[in-house]
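Asks: Each protein sequence line maps, in turn, to chains A and B.
Residue numbers for the first sequence follow my numbering, so the first one is 290 and each next one is one higher.
Residue numbers for the second sequence follow my numbering, so the first one is 290 and each next one is one higher.
Bear in mind the hints are in silico, worked out from the structure with no lab data behind them.
Hints are supplied without guarantee of correctness; some may be wrong.
[Claimed, not checked] In the DSS-like style, the derived pairs of lysine-lysine whose C-alpha atoms are separated by at most 27 Å in a straight line are: (1) A/K392 with A/K453; (2) B/K387 with A/K387; (3) A/K453 with B/K333; (4) A/K461 with A/K511; (5) A/K447 with B/K453.
Protein chains: 2
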Amino acid sequence: MNLKIYKDIKVIAFDADDTLWANETYFRDAEQEFATILSKYQSKIKIDNELFNKEIENLKLYGYGVKGFVLSMLESALEISNYQINQEDIGKILNIGKAMLDKPIKLLDDIELVLQSLQTNYKVILATKGDLLDQERKLEKSGLLKYFHHVEVMSDKKAINYLKLIACLDIKPNELLMIGNSLKSDVLPLIEIGAEAIHIPFHTTWIHEEISELEKSLIDYKTVLNIKEVLTLF
Amino acid sequence: MNLKIYKDIKVIAFDADDTLWANETYFRDAEQEFATILSKYQSKIKIDNELFNKEIENLKLYGYGVKGFVLSMLESALEISNYQINQEDIGKILNIGKAMLDKPIKLLDDIELVLQSLQTNYKVILATKGDLLDQERKLEKSGLLKYFHHVEVMSDKKAINYLKLIACLDIKPNELLMIGNSLKSDVLPLIEIGAEAIHIPFHTTWIHEEISELEKSLIDYKTVLNIKEVLTLF
Chain A
290 MNLKIYKDIK VIAFDADDTL WANETYFRDA EQEFATILSK YQSKIKIDNE LFNKEIENLK
350 LYGYGVKGFV LSMLESALEI SNYQINQEDI GKILNIGKAM LDKPIKLLDD IELVLQSLQT
410 NYKVILATKG DLLDQERKLE KSGLLKYFHH VEVMSDKKAI NYLKLIACLD IKPNELLMIG
470 NSLKSDVLPL IEIGAEAIHI PFHTTWIHEE ISELEKSLID YKTVLNIKEV LTLF
Chain B
290 MNLKIYKDIK VIAFDADDTL WANETYFRDA EQEFATILSK YQSKIKIDNE LFNKEIENLK
350 LYGYGVKGFV LSMLESALEI SNYQINQEDI GKILNIGKAM LDKPIKLLDD IELVLQSLQT
410 NYKVILATKG DLLDQERKLE KSGLLKYFHH VEVMSDKKAI NYLKLIACLD IKPNELLMIG
470 NSLKSDVLPL IEIGAEAIHI PFHTTWIHEE ISELEKSLID YKTVLNIKEV LTLF
């Protein structure tokens, strides 16, 4: 039955952050450190909220990734503290960012097994969004580079970006299957353009990547609870 | 004679910043503003020097582009002022970065004419390094997107990066001609891998992009003083 569903697939694209390796947890840890630095000015919940709003406000200008996140933390810190935050704390926030960019890569369970298996029958590619250098560095550190026929770092993951990717791969939309943890970035836009998508939830999701229950109910996609389950679908 | 030199060329790649549009001048202006903010702590020459050293120190972590530049300015500002810089000035430095990301695009003379002419006989592509979102945004603003068959934003422009590009384009090294303003990024690595390169100097060059006279003397490349001259070579 499932073989029939995926009979047209030629290319399988994997998301990277929180699909191949843990990432969002590092952002949560950073937010915790940030809230601790600013704890004398505001409550944790208020700080989280201000920072999130600042990130969204700056998203169009800074895009996704650690560097834009650090710049938004700094701007928020000035505002939350009413320009009282001291210089040492500014230095600490810069260091949170540097530490994030230098984190080791923790592969999620069974990733290598799945990539190895799928690459024998499909062209396997990586399709990730965020900072170019940081994504390349993480891929390099992960040791997974050898499994990918192509690596695409995208500035965003909307339908238009996937259409460009499909044109570049010289395939039709129904020949692409995307696998990832974000319904908003890895599933919804794919269904929109007539491609296939498999959702693998990660335990932590950035609120910006969430979609409404209504949106969920309108799209047809498969959810697996661990990556190994993907192999049973082919 | 020149026709013979370029007889194998199938793909012509253009650098973007300071080849298609002005860019380095905005960094010089930003450095001037930065030095003014810090003028009570150090001389302009010392500030420039500290900032440059910080940028190079952070290059491996932050890569090229405005966001990393702003993060390096902030770190330098703390150090140059011995952690005395006030919070309003931290805010000013953040705003220098935001203004840089929002600058209008000033095309250099005759760019459109040259792209239009070359695309009739060659596959014309863009090969630029820096921040993915920022480069895409500048290209969009420039109105030049329609002339490019492919756009490659690279994390660096070393021989290895160009070899990947050549593999992706499915051509041989001698079938690629690169045109750009940086000897270090747009000429030297191309000659190294057996591709062709044309150098078009821009009036301002970041010191990190300069190469030694010895290196210059060892490579064979063509220099043109304005982009229109390129058309006389085909």
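Asks: Could you check the structure against the hints above and give me the numbers of any it violates, in ascending order?
Replies: Hints 1 and 3 contradicted; others consistent.
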